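Protein chains in written order, with full-length UniProt numbering: chain A, 1 to 350; chain B, 1 to 249.
There may be inaccurate statements among the hints.
[As the list claims (entries may be wrong)] Below are the SDA-like pairs computed for lysine to any residue, each with C-alpha atoms no more than 25 Å apart in a straight line:
id, chain 1, residue 1, chain 2, residue 2
1, A, LYS157, B, HIS161
2, B, LYS11, A, VAL153
3, B, LYS11, A, SER187
4, A, LYS157, B, VAL239
5, A, LYS157, B, ARG13
6, B, LYS11, A, PHE174
7, B, LYS11, A, PHE156
8, A, LYS204, A, LEU144
9, A, LYS157, B, ARG7
10, B, LYS11, A, ARG155
11, A, LYS157, B, GLU8
12, A, LYS157, A, ALA170
13, B, LYS11, A, ALA186
14, B, LYS11, A, ILE33
15, B, LYS11, A, GLN160
16, B, LYS11, A, MET246
17, B, LYS11, A, ALA170
18, B, LYS11, A, ALA250
19, A, LYS157, B, ILE50
20, A, LYS157, B, ARG10
21, A, LYS157, B, LYS11
22, B, LYS11, A, ASP247
23, A, LYS157, A, ILE33
24, B, LYS11, A, LYS204
25, A, LYS157, B, VAL9
26, B, LYS11, A, LEU166
27, B, LYS11, A, ASP238
28, A, LYS204, A, SER187
29, A, LYS204, A, ALA12
30, A, LYS204, A, PHE223
31, A, LYS157, B, THR42
32, A, LYS157, B, SER41
33, B, LYS11, A, LEU144
34, A, LYS157, A, PHE174
35, A, LYS204, A, GLN193
These are calculated hints, taken from the structure and not from any lab test.
This one's a predicted model, so the numbers in the text were calculated from it and none came from an experiment.
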Amino acid sequence: MTEPGPGIGGYARRIRLRSAAAVAAALVLLALILADLVTGPSGMSLEALNRAFRAGPQGADRAAAAILWQIRMPQTLMAILVGASLGLAGLMMQTILANPLASPFTLGFSAAAGFGAALSILLGGLTALPQWLETPLAAFSMTLLATGLVYLVARFKGAQAEILVLAGIAVLFFFQALQSLVQFMASPEVLQQIVFWLFGSLLKSSWTSVQVTGAILLLCLPFVLRDAWNLTALRLGDANAASLGMDVDAMRRRVFLLVAALVAGAVSFTGTIGFVGLIAPHVARAAVGEDHRFALPMAAITGALILVAASVAGKLLSPGAVIPVGIITAIAGIPMLLAVLFALKPAGGR
Amino acid sequence: MLTATIREVRKGRVTVLQPLRLTAAPGQVLGVIGPNGAGKSTLLRQLAGIDGAGAARWSGEALAARQIGFMPQAFQVSARLSVLECVLLGRREGLGWRVAAQDLAASAAALAALGLERLAQRPLESLSGGQQQMVLLAQRLVRRPRLLVLDEPTSALDLHHQLTVLGHLRAHARRRDAIVVMALHDLTMAARFCDRLALLQAGHLLACGPPCTLLTSEAIREGWQVEPEVLLARDGGQVIVPHRIEAPQ
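Bound conformation, chain A alone (with noise of 0.2 Å):
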């Protein structure tokens, strides 16, 4: 029954592989980053993004300011807080449902938001406040109200996966039908915003959009990391966690509040994003293994990569007019699970 192998000198070497990965794929994030932001319509070479930077925003180079510090810098802040959001919410939402083919957007919440999109749209200056606004924070509301509808059924039901995964397409079937109720009564023009919307896309980003989504992640991000070795632990089965003197039902709803407040914060403002959350936690598996102290922050590495390339790309593909990332996420999504599909081993485990 025994074979060879290392014993703690195996674990430590195990750690320092792992961090290695995530540094790794850090500096490709960064080097993205950079790559965002010199790619644009109007062009801009690395000495130029420089010298814009350092002169801030009231630079003397009114238009170098005003690409850089109005218009790239917010949407690639996004790009990274979006995706890292969608990543971070992907991997927990595939954990808490043990469920590799689940993603932020399973339980419904994408729906919800678009039909809050869509219905602001409609009704356009239903409230006081600006439309730039007022649609965001509908589809923030209508994200939190379809949060809410699952969690009471999990809250009388019990928060078994597959009691949650139930009332998640209940509430996802329910929100389309209402998304759909909304586009069928619109006029041509309003339906070609609302479809914009449901694209999603980073021409949205401002710096008050990066300031909300960054405050979400920033405030989540203290509990999702407080949870990662009862995420761990969840991976090895309900019984063998609730053995461990887990309660596992109250850390399912815990981690499903999270997850809605990250989803919430990164749709509202750019739309719905597909493939990010289903994509990103598979390659951070694949990278790192399923330790979450390690897997939470690589797939919030990997879900940033991924949205500011495809960031990259829209720029590249189309100069003229940016294909919003929504689409190329959508197009390159399907490919990139394949690639890690077959990239999996059998019976792997770093």
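Let chain A serve as the given structure and place chain B on it in line with the hints.
Below, chain B without anything else, positioned relative to chain A:
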């Protein structure tokens, strides 16, 4: 002294366990035996507090979750973790962002105690069912529980490893003044390794006592509907040899 007062347990309209009271002294191994559906797993879950408040009291005081090591019936796990990382999770409550050297050493020692040290860096999902069962047992042992509650801990093991694991559990109870309560189907192993046995049938505790008084031909015939021969081995232990049951023509 461990005392456990267990209330009636119902699943829907069916009573699966009648009220009962169990006692065990530190250092003892208590075997829970009985045919399928007798209520053994339910009793163990109640004892460990898995389905609600724990029924076990140690010198009159309730045991905290971290003082209990419960292992459910054998199940396959598939996680991208190494064997050592899996055992380390047994110390989950005390783990920080950086794993302390004593936690790693305790995990490695728990593996070594079961002869599994050379599997430490193997991926958990690449192990056989029997190997996984032993790793999950090491995960409980690393918690150093006062009460170890195990549901058929040797169900997936070959004869050599059954003897290794049961011998280790007996030594663990003696050395640490802990109590081991385990459900077993193999009556010969139960007789050989348990200090006392609790015989369950249809949710009732029929008897509790030393193996030699409980494992009589009559009790086995009555409880399991088999015709047994109860022999004595050279070391005085009981050996239960069941007769074949002929399939109907």
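Verification of the hints:
Of the pairs offered as hints, the one joining LYS157/A and HIS161/B is violated, with about 41 Å between alpha carbons and a cut-off of 25 Å exceeded. Between LYS11/B and VAL153/A the CA atoms are separated by roughly 22 Å; this keeps the pair inside 25 Å, and the hint holds. Among the hinted pairs, LYS11/B with SER187/A is inconsistent with the structure: their alpha-carbon atoms are about 56 Å apart, more than 25 Å. For a cut-off of 25 Å, the pair hint linking LYS157/A to VAL239/B is broken: about 48 Å separates their Cα positions.
Taken as a hint, the LYS157/A and ARG13/B pair is honoured in the structure, with Cα atoms around 19 Å apart against an allowance of 25 Å. For the suggested pair LYS11/B and PHE174/A, the alpha carbons sit about 34 Å apart, so the restraint of at most 25 Å is broken. About 19 Å separates the Cα atoms of LYS11/B and PHE156/A, which keeps this hinted pair within 25 Å; it holds. Using a Cα cut-off of 25 Å, the hinted pair LYS204/A and LEU144/A holds, with the two alpha carbons roughly 21 Å apart.
With a C-alpha separation of about 24 Å, the suggested pairing of LYS157/A with ARG7/B holds against the 25 Å cut-off. About 21 Å separates the Cα atoms of LYS11/B and ARG155/A, which keeps this hinted pair within 25 Å; it holds. Proposed proximity of LYS157/A and GLU8/B is supported: the alpha carbons are some 23 Å apart, at most 25 Å. Simply put, LYS157/A and ALA170/A have alpha-carbon atoms about 15 Å apart, close enough for the 25 Å limit, and the pair holds.
A threshold of 25 Å between alpha carbons decides the hint, and for LYS11/B with ALA186/A the separation of about 53 Å lies outside it, so the pair is violated. About 58 Å separates the Cα atoms of LYS11/B and ILE33/A, which puts this hinted pair outside 25 Å; it is violated. Proposed proximity of LYS11/B and GLN160/A is supported: the alpha carbons are some 18 Å apart, at most 25 Å. For the hint pairing LYS11/B with MET246/A, the CA-to-CA distance comes to about 23 Å; that is within 25 Å, so the pair holds.
As the CA atoms of LYS11/B and ALA170/A are separated by approximately 28 Å, the hinted pair breaks the 25 Å bound. At most 25 Å may separate the alpha-carbon atoms for a hinted pair to count; LYS11/B and ALA250/A meet this at roughly 23 Å. Of the pairs offered as hints, the one joining LYS157/A and ILE50/B holds, with about 18 Å between alpha carbons and a cut-off of 25 Å not exceeded. For the suggested pair LYS157/A and ARG10/B, the alpha carbons sit about 18 Å apart, so the restraint of at most 25 Å is met.
Only pairs whose Cα atoms come within 25 Å are accepted, and LYS157/A paired with LYS11/B is accepted, the gap being roughly 16 Å. Using a Cα cut-off of 25 Å, the hinted pair LYS11/B and ASP247/A holds, with the two alpha carbons roughly 21 Å apart. For the given pair, LYS157/A sits about 45 Å from ILE33/A by alpha-carbon distance, which is inconsistent with the 25 Å threshold. For the hint pairing LYS11/B with LYS204/A, the CA-to-CA distance comes to about 55 Å; that exceeds 25 Å, so the pair is violated.
Between LYS157/A and VAL9/B the CA atoms are separated by roughly 20 Å; this keeps the pair inside 25 Å, and the hint holds. The suggested pairing of LYS11/B with LEU166/A holds, with an alpha-carbon distance near 24 Å, which does not exceed 25 Å. The straight-line distance between the Cα atoms of LYS11/B and ASP238/A is roughly 20 Å, inside the 25 Å bound, and the hint therefore holds. As the CA atoms of LYS204/A and SER187/A are separated by approximately 22 Å, the hinted pair is consistent with the 25 Å bound.
With a C-alpha separation of about 45 Å, the suggested pair LYS204/A and ALA12/A falls outside the 25 Å cut-off, and the hint is violated. Note on LYS204/A and PHE223/A: the hinted pairing is violated, with a Cα-Cα distance of about 29 Å set against a maximum of 25 Å. Taking the CA atoms of LYS157/A and THR42/B, the gap is near 22 Å; set against the 25 Å cutoff, the hint holds. Note on LYS157/A and SER41/B: the hinted pairing holds, with a Cα-Cα distance of about 24 Å set against a maximum of 25 Å.
A threshold of 25 Å between alpha carbons decides the hint, and for LYS11/B with LEU144/A the separation of about 36 Å lies outside it, so the pair is violated. A threshold of 25 Å between alpha carbons decides the hint, and for LYS157/A with PHE174/A the separation of about 20 Å falls inside it, so the pair holds. Pair hint LYS204/A plus GLN193/A holds up; C-alpha atoms about 12 Å apart against a cutoff of 25 Å.
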